[in-house]
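Enquirer: If you want my numbering, it's the 1-based position in the sequence shown plus 1370.
In short, the hints are calculated from the structure, not lab data.
Careful: at least some of the hints might be erroneous.
Claimed, not checked - Below, in silico cross-link-like pairs of lysine-lysine (DSBU-like), each with a Cα-Cα straight-line distance of 35 Å or less:
1. K1389 - K1414
2. K1435 - K1414
3. K1446 - K1414
4. K1435 - K1446
5. K1389 - K1435
6. K1389 - K1446
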Amino acid sequence: QVQLVESGGGLVQAGGSLKLSCAASGSMFSINVIMGWFRQAPGKQRELVARIYSGGRTNYADSVKGRFTISRDNAKSTVYLQMNSLRPEDTAVYYCNVLVPDIVVNFWGQGTQVTVSS
1371 QVQLVESGGG LVQAGGSLKL SCAASGSMFS INVIMGWFRQ APGKQRELVA RIYSGGRTNY
1431 ADSVKGRFTI SRDNAKSTVY LQMNSLRPED TAVYYCNVLV PDIVVNFWGQ GTQVTVSS
């Protein structure tokens, strides 16, 4: 199993910044896992925001490229999402995700609310 604890959500004005953190633990966690952030806005499907692989390779949703940065600290088993130039359309519940590639199993955090006011 992998347990994920998120922090850092909140309310911010458009143009502002927030940084999300997600600390992972558990017997199935290793530096080989793929870590990422998804989000789900009301009435919409959950979507990938950003993902980071064990070697540091990243990918981003087109809507956040150039504004969001994902990073990971393997020593702390933590993944971060730095969100700059936030827009009202970024408002959503953000979920931390860990994918264990060997067995293709996903683990999810409890979600943290990000609200961007106009």
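Enquirer: Please name the hints from earlier in the document that this structure breaks, with their numbers sorted from lowest to highest.
Expert: none
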